[in-house]
Structures are given as C-alpha cells and as structure tokens.
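Fit chain B to the known structure of chain A by using the hints.
Same order as they appear, the protein sequences are chains A and B.
Quick note on the numbering used here: the first sequence kicks off at 23 and runs consecutively.
Quick note on the numbering used here: the second sequence kicks off at 23 and runs consecutively.
One or more of the hints may lead you astray.
Identical copies carry no separate label here, and so any pair may be met within one copy or between two of them.
[Unchecked claim] No farther apart than 20 Å at their CA atoms in a straight line, the calculated lysine to aspartate or glutamate pairs in the EDC-like style are these:
| # | residue 1 | residue 2 |
| --- | --- | --- |
| 1 | K127 | D209 |
| 2 | K59 | D415 |
| 3 | K147 | E183 |
| 4 | K365 | D332 |
| 5 | K431 | E256 |
| 6 | K437 | D288 |
These are computed hints drawn from the structure, not numbers from a lab.
2 protein chains.
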Amino acid sequence: MNIVVIVIGDELLIGQVIDTNSGWIARHVNPLGWNVKYVKVVSDDSEEIIKAIDDALSQVDLVLTTGGLGPTKDDITKAALCRYFGGELVYDKDVEKNVLEVVEKRHLKINPLTAAQAYVPSSCKVIQNRVGTAPIMWFEKNGKVLVSMPGVPFETEQMMEREVIPQLVKHFCTNEHIEHRTFIVIDYCESALAMKLEQFEAEMPPYIHLAYLPRPGIIRLRLTGHLADKSQLETDMNMLSDKLRDLLGDSIISYEDKPIAAILGDMLKRYDYLLSTAESCTGGDIAHEITEIPGSSEYFTGSVVSYSNDVKSSVLGVGQNELKEYGAVSREVVEQMCNGVSKLLNTQCAIATSGIAGPTGGTADKPVGTVWICAGCNGKLVSEKYHFPGTRDRVIDRASMTGMIMLIKLLRDLKA
Amino acid sequence: MNIVVIVIGDELLIGQVIDTNSGWIARHVNPLGWNVKYVKVVSDDSEEIIKAIDDALSQVDLVLTTGGLGPTKDDITKAALCRYFGGELVYDKDVEKNVLEVVEKRHLKINPLTAAQAYVPSSCKVIQNRVGTAPIMWFEKNGKVLVSMPGVPFETEQMMEREVIPQLVKHFCTNEHIEHRTFIVIDYCESALAMKLEQFEAEMPPYIHLAYLPRPGIIRLRLTGHLADKSQLETDMNMLSDKLRDLLGDSIISYEDKPIAAILGDMLKRYDYLLSTAESCTGGDIAHEITEIPGSSEYFTGSVVSYSNDVKSSVLGVGQNELKEYGAVSREVVEQMCNGVSKLLNTQCAIATSGIAGPTGGTADKPVGTVWICAGCNGKLVSEKYHFPGTRDRVIDRASMTGMIMLIKLLRDLKA
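Pulled out of the complex, with its shape left as it was, chain A reads as follows (with noise of 0.2 Å):
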C-alpha cells in the first residue's frame, strides 16, 4: 500500500525546524509492507492544507499528517480539517480530562489556550495523546483514512507506535511484503563500489534494487525487496547477502544500519576492550557519539576536551618541547594524547584528534580542516594526517567519523 505524508507548519518552509517525522515515519511503516509515495510540506494556511489533502486522497488510501496542531496555531489545521471532511468543532470532555492528566504530570497549570485543545471536529475519531495535549485525530472519507498527528517528534512517535500504527494494521491489511537490508562498508569510494558489484547488480532479480548511500568515510549499501511471496522474498534477499560478503568480505564491518559508534562498540564489547578519548578539534562529540548507544558505558570509561593547549600538557602529559615544537596539530601531540588518555583513564583503546576545525586558525602550512588523528590498541598506534572539506561542524564530524573508522579497522587488522 502506498501512504501520503503531510508536514504542515510554517517554521519547516522558512528552514527553522527540519521535518524529521516523515523520516520516522517512513521507516516504521515500512517493515508492513507499506510504502511512502511522496512526502509533502506545506504552510499554515487553509488552502494549502485542503488542496494538499486533497490532492494526496486522489492518489493514495492513507494519508498521514503532522504538525500544525499545539496551543498557539492549531485552529487553521482543525478548521481545514472540519472544512474537508464534514462537522463542527465540539468539545470533547475526553479530550479535556487527557490534556488535565498530561498537564498535572508536567507540574504545570492548566490554561485557556492549553484548554482550547478540547475542541475537536465532530467529523473524526480521537485517539488520547498520552504524552501530549494535541488530540490525534482519525478521519475516514469514502473508504480512506487520514490521520492528524502532532508536530513534536516524541509525541508522534510515541503515539504513533502505541496506538496509531497498531490501529491503522487492523483497519488495512496488506498482502506485499517489502524487505530491506543494509550493509556498511568501508574501503571503498561510492564509484568504485558501484564498479566492483556492477555483475552483481545486472543479475539481481527485478522486484529487488540496490541503493548507494555514502556518509562520511563510509558507504550504507541497501537492498529492497518487494514481492508477494514472503518466503521467496526472504530466499533471495538471504542468497544475495551472501553474495556480497563474498565481494566485499570484512570491508563490510555491519549487516544491520547502525551507527558507526555502535559498531565500534561491539568491537570492543566482543574483544573485552575498554575505550577513552582524548578530543582536542572534536571537542568532545566521539564522547558524545559514542555514549548516544545505550549500554556504552560497559567499554567506555570517559573522555578528555583538551581544548587549550594547558589542559594538554597538565591533565594529559603532552611534552611542553612537543607543543612548541611541532604544534598541537601534528603526529607527535595526537599521539602522546592517545597515550595520555589511556594512562589516565586507564583503557587498552583510545582514539584522539588535534585539528583547526575553523572558520579561523588555519596557516599555509596548516589550513583549516588540517586534522590529525590517532586510534591506539593496547600501545599499538595508528596516526594519520586528514584535509576535511568544509564548515566547522562538517569538519568536526569527518574527524569523528574517521576517528572511530580508524580505530574499527586497527582491531579489524590485529585480530585478522
């Protein structure tokens, strides 16, 4: 089944908020077999909203929408809403005594506007928002579905999964299954993949397709599947994984879409490795990165931002002579960081970084984005010296990434 997705809400058309619902979206519904056809993001305004639904009923048997609710705006979202499928709006006590629980649980009063939420048109279906004040709301015109959904991500979210999905099962049933894979890989640029499994690609089945999706130092490969036979579905997407682990061997480091962090920390879950790290341009985001995957703190025992070159030499013992001899962005600092750190910390793993992330601070000798980074194993250290492209934040990423990239393929390569 193919579904419509409908953000509203002027703050994504002026670049303010990024619509990360559709995303989410996407990827739950997927594993039911039902596709996302288009998304859509529209303004504020009446019009738009109406001919937005409009347009997506003609095409599609459900049409999923976010946003354009809450306590300051939602009166344009309703008001289309009960302009397209009939009624008034009505007070719903249940809605009220939904909105007083998620308001007490939050320690706050109730107030008019807070209030005014109670008001929903006649013409739908409410479904509570437990974690909200915005009510969900279900419409139903000749035989198709809409659902309205809030514009905060955690109570679409939550909503969704708890009681929308679940509902929109029982009222659709679907017959195509859809089946995805994703593998990581590392090694290779995009165009050399794509040379390297060019046979493997001309002879998959027709209902399958392969997409190339490269992020910083690493390339998702992601098959899809559609077909009705569930089994032979499954037969297939099987052989084919297998296909590619023969092509590509261990510069596939994940056969599931994981962070790159999570990776690493299996890594280090697997070898009983403790990790640290020592951040100078990074400023802490490998840390951040890193303690994001539930369960890090098994393998990791903590980090060291060593911005300013004191904290260098006094917390992680970088040799005054080295600082003023080769700089802080250079092999020798980027090294006795990563010693430093696991000393301290006392870990067998470290990844450091010492950078000029920029926009200023770069020098001929070391223009912005110049970075160097180090991954140590158990007095095992490997350094290298980067050119990032880009911003600030694009450079601080790359370091990262590349950080924990280095340090996947230094325990790759010592227990090969």
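Structure of chain B alone, referenced to chain A:
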C-alpha cells in the same frame, strides 16, 4: 515570489536520510523576499519526478530540485529532465574537465561511472559544480526556471551560495520584502507566553505574523512581515521588537536566532570568564555543543567526561564516601564534579551533569530520565534534579540544553 523545492531520492522516503537541503534553501532565499510555497519529496522514479515538476511549474516561477544525481543514479533524474524539457543527453567537455579537476583534488582516480556525469541534457545550461562531480543544470520553459542540484548538502550549499543564488537574483527581480526577527525566550512555557502576548498579537498589523517555535527549555518567537514598502516594514518590525523587549525583559536571552551554546558563549566573552564541563550522562554533548561554535576556544578550556565512577574520583576528586552514600546521581556528587573540573581546568564557570539516560539503569528511587545538573560561577553553585521524559538521546539533549540554560540564568542573576 513563491518557489517550490523538490527533493528527489528513495533514501529520503524510506527514512534513511533526512532532508536538510530544503531548510537550507528556505533560510537562504527568504532574505531575498522569496517564499517556499511547499516542499515535495519524491522517489527516484521518472513519472513521479515529472509529475512533481509539472505541478510545481504550474504554480510558481522558480523550482529548485536537489538529489537524484550522483554517479550511481543520475540516469533517472537526467532522463526525466530531458523528457520534460526536451533535447537529448550530450557529452559535455566542460563538465568532463570539471569532473577531472574535482576527482584529482580528492586524490582519487576517474572511473567510467564518474565520467558518465559529463552527460547532460542539451536543453540545459550547465553551472559547473566546483565541489563535486554532479553538474548543476539550469532549465527554462515558458519564462519559468528550474535548477537541478545535487543531493549532497555540502555541494548544494556551496554552489547555491557561490553561483546559483547570484544567477537567480540576476534573472528575477523582486518587489515584495520579507523580514524575520527571532527572539529566544526562557522562563515561559508556550501557552503561558501566548497568554502574556495575547494583546500584543491582537495589535499587530495584518502583514506581520508571530510564530511560537518551542525547543527544550526555550521558546523561539518569530516575527515575519511581508510588505512592498521596505522602510515601513522595518519601522514596524523595530516597533514590535521594542514592545516585546518591554513585555518580556531579560527573559529574552537573544535577539537573534542562534544556538543556546552561542548565547552562553557571548555572555562568557562579555564577562571574560572561562568555562569547563564535567559530564557523566551527557557524555561530552555539552562540550560538543559549545565547541560547534566558531571561536569557542576563547572561553572554553575543556571537559572531563567522567563516564565511570573511577574517573569521577581519580580525575575530578569526587569523594568515595559521597559516591557510596548518595550515589553518582546526586546533588553532592554533581556539585563536587562542578568544583573539581573548575579547579582542574582552571575556569571561573563550569557545568556538571550526572544522571540516568536509559534505556536501562533506572531504579524506583531514580528512574530513567533522572538527571542532577549543577552550574557554577566563582564558587556560587546552583544544582537541580530533573526528570526528563523520552528516549536516551532526548534525555541527553534535554540535560545538555538545561545545563547551559542554568548557567545563562546564573550569570544573568549574578550580573543583574
């Protein structure tokens, strides 16, 4: 002028990649007085692409597309553009030259897939992509313009700024002015703020709108005005800004849209204070947020991410007794972390966090989401226990934002 942004790519519709291009485009065309009417995200499918283009060009004079190009998939989008705008795919020597230059700069070798990027529709004018291999294509039809750009955000951003926007400005001339003003507000929840501003909103001229954009711990208020008379619009916007200043006082912590970390950085620079952080549950996220801001090395010396209790006591000097008696997630420990890191890294100000980000590790007494945060300045400490709802990354994000806002409030109150 209204424009439409079409974002092309299967990876977006299955939720593996988030579209940041449309937001970037909006933020950069708004100051020209151009409005993004809607954004449509479509798959790598010829029919869908053509339908989206045709729809968009029937409503607006300018359409910008991103994505659907690149060495492994440019055939579909280019063929669709060729079908829609006429002509045929021709080999363009200048594009080939540019591709060779870009590939050489990256120290890579050219291969047939990269070389194929030199094929472009004969109906377009090419804008050379100086930072990537996919050419940018400018089409015209019945006085309307479509520009096709790559999906890689860095390439689209760089080339929009350098080439595409200047050429569009030359091509179109615009009369209506748009102005935005953003105010970052603390101390209020959304509905309380809306009530406080009820009369203010009622008195606004009809061509100016007020939007509430809540984020964890803050609300961004955005005034947007559209008017042909630029100086009238500016006068009005200034008058409304002054009124908001009178109404909200120092609950407005910034008169520009900037990250919390940048607002904190401005205050630290103003008072000539240095900052360090001691992070347990936030795992380096505060340091990362702070060092994302250019020039943060002026006021940020570093951080100790003390993820394990050993590091809390050995590096930060937290007492074993306190750890045993109160546990790591306690007022006593977070205050000792705050003092410890200020001393170790020699700073006037510090932020410390210790909590249970989840999904496991919670107890009846200290459930997942419990976080103790301390902000300190010259020996004056404020500490607070929070219960943040939601998933691990949300707890981390909320704790980081809250820590920075606590220090902003402390500095504001100390200097009041």
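Okay, the hints, checked on the actual structure:
1. K127 - D209: between (50 Å within a copy, 19 Å between copies)
2. K59 - D415: Neither, since 32 Å and 29 Å both go past 20 Å.
3. K147 - E183: within (18 Å within a copy, 47 Å between copies)
4. K365 - D332: For K365 and D332, the Cα distance is within 20 Å both inside one copy (18 Å) and across copies (13 Å).
5. K431 - E256: Intra 31 Å, inter 57 Å, cutoff 20 Å: neither.
6. K437 - D288: within (14 Å within a copy, 48 Å between copies)
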